[in-house]
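> When you get a sec, could you build the whole thing from the sequences and use the hints?
Number of protein chains: 2
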Amino acid sequence: MTNNLHVCLSPALIPLYQVEDYIVVIIDIFRATSSICYGIDNGAEAIIPVSEVEECAAYREMGLAYLLAAERNGEVVPGFDFGNSPFSYTREKVSGKTVVLTTTNGTHALHLSRSAKKIVIGSFLNLTALSSWLKTQNDNILLVCAGWKNNFNLEDTIFAGAVIEQLKGRDFVLDDPAIAASDLYQLAKDDLSGYLAKTSHSERLKKLGIEKDIAFCLNVDITTSIPVLQGEKLIKLK
Amino acid sequence: MTNNLHVCLSPALIPLYQVEDYIVVIIDIFRATSSICYGIDNGAEAIIPVSEVEECAAYREMGLAYLLAAERNGEVVPGFDFGNSPFSYTREKVSGKTVVLTTTNGTHALHLSRSAKKIVIGSFLNLTALSSWLKTQNDNILLVCAGWKNNFNLEDTIFAGAVIEQLKGRDFVLDDPAIAASDLYQLAKDDLSGYLAKTSHSERLKKLGIEKDIAFCLNVDITTSIPVLQGEKLIKLK
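From first to last, the protein sequence lines are chains Z and X. Under numbering that gives the first Met the number 0, the first residue of the first sequence carries the number 0, and numbering increases by one thereafter. Under numbering that gives the first Met the number 0, the first residue of the second sequence carries the number 0, and numbering increases by one thereafter.
Be aware that one or more of the hints could be misleading.
Put simply, identical chains are the same to the list, so a pair is met inside one copy or across any two.
Here are the simulated lysine-lysine pairs, DSBU-like style, with alpha carbons at most 30 Å apart [as the list claims (entries may be wrong)]:
#, residue 1, residue 2
1, K188, K167
2, K211, K96
3, K232, K134
4, K148, K116
5, K148, K117
6, K232, K116
Because the hints were derived from the structure by calculation, they are not lab data.
Below, the structure written as structure tokens:
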């Protein structure tokens with residue numbers, strides 16, 4: 000049987016898919032899923048994605064030695080250890096630790112995909128490791144772009160296209176969003192940062208003074224771990 | 000002040016826009032908005048878009064000499080005069096007549112955009128006429144893709160890109176969907192039908208035996224009328 004390789008361009012479109020029929024890859028390039036990939040690769044024991052800032056804060060009350068990370072609109076929420084800058088997820092900072100994380104877009108997309116067969120986390124940092132694993136699964140794949148405030152964004156779509164490129168030659172049926180993502184990736188792949196420099200989100204992040212984060216999130220294949228959701232926690236796929 | 004030129008990739012994303020801030024262009028290339036442009040250009044007095052098949056049927060009871068058109072899932076609904084094939088909107092058939100029309104995607108997108116400053120109808124048939132008029136408006140423009148069952152499709156997105164191409168040189172701010180639409184159009188423009196032949200929707204329409212409709216809907220600039228919503232009716236913009 001031929002499997003589907005579909006792309007969901009925004010969390011607002013997730014209800015259009017029978018999520019339970021797919022392995023879902025959550026994509027939030029700037030910056031949540033890049034940081035999650037980096038953190039898990041750097042030995043974080045687990046990263047717990049939660050939807051609300053309040054849920055994140057509630058972990059403080061439990062008296063556990065968790066790191067608490069909260070980002071809204073691209074900035075660290077006051078009172079939290081850090082947000083979703085990848086530079087907060089170095090080995091030194093997260094090795095052996097559990098991080099509780101809430102972000103504007105990425106954790107939202109993840110929670111809407113809960114009924115999937117499996118949920119894994121993708122970013123340019125683990126592109127080839129992720130794609131190689133997907134090739135072994137013989138299943139339907141849904142690449143879910145977290146987007147920006149429920150709308151389409153280019154960086155997540157381009158990454159979906161990068162995964163599709165790696166899966167070429169396998170017998171998948173692509174939907175229209177997958178064809179578009181694949182074609183846009185062809186335009187972008189020789190100069191990812193140049194291509195993405197023209198996007199609205201990139202402008203927005205520049206204003207926040209986090210150009211270094213953006214550049215870091217476009218590093219291809221600097222990690223080999225695949226974060227997978229197990230219960231409430233993202234852990235390293237064995 | 001710089002105006003926005005935005006693209007809404009699916010009706011499901013319309014709530015993310017402040018529709019009242021824009022002139023909205025409704026796009027449903029295969030086939031509703033192509034047929035509307037053709038019908039209005041061929042002298043139809045008005046085309047009344049309604050959301051539900053039942054609303055369309057209700058006009059029969061009124062005993063008016065309206066033509067009733069209803070399409071669902073690409074097919075004419077049994078009991079109706081016709082659906083949304085452009086070949087039903089020739090001068091011979093619609094000149095001087097009023098058509099009541101309900102379609103799967105196009106009329107849905109239109110009704111969700113009701114609060115816009117103005118609603119006009121776009122298709123390849125009236126591309127240049129529409130774009131020339133938009134250039135004179137000095138206002139925010141939202142290109143709304145009707146898509147397929149609330150999801151993204153390539154043909155509507157490519158057309159949005161064609162409009163953006165025509166508006167180049169004007170000082171508009173593009174959002175990410177507009178950048179994507181524009182880039183995809185660059186890939187498609189030299190061979191629209193070849194590019195779109197790979198889409199899922201094109202496959203679906205082929206199965207319905209309406210390849211001729213598809214080819215017809217990709218005729219560029221064979222009409223000069225711009226349908227505009229006035230009250231409940233689409234009429235020719237004077």
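> Does each hint fit the structure? Answer for all of them.
Evaluated hints:
Taking the shortest Cα distances, K188 and K167 sit within 30 Å of each other both inside one copy (15 Å) and across copies (24 Å). Only within a single protomer do K211 and K96 lie at most 30 Å apart by alpha-carbon distance; the minimum there is 24 Å, versus 62 Å between protomers. In this assembly of identical chains, K232 and K134 lie within 30 Å of each other by CA distance solely inside one copy; the values are 24 Å within and 52 Å between copies. Taking the shortest alpha-carbon separations for K148 and K116, both the intra-copy value of 25 Å and the inter-copy value of 24 Å come in at or below 30 Å.
In this homomeric assembly, K148 and K117 come within 30 Å of each other (Cα to Cα) both inside a single copy, at 24 Å, and across copies, at 26 Å. When the C-alpha separation of K232 and K116 is checked against a cutoff of 30 Å, the pair qualifies only within one copy, where the shortest distance is 15 Å, while the shortest distance between copies is 47 Å.
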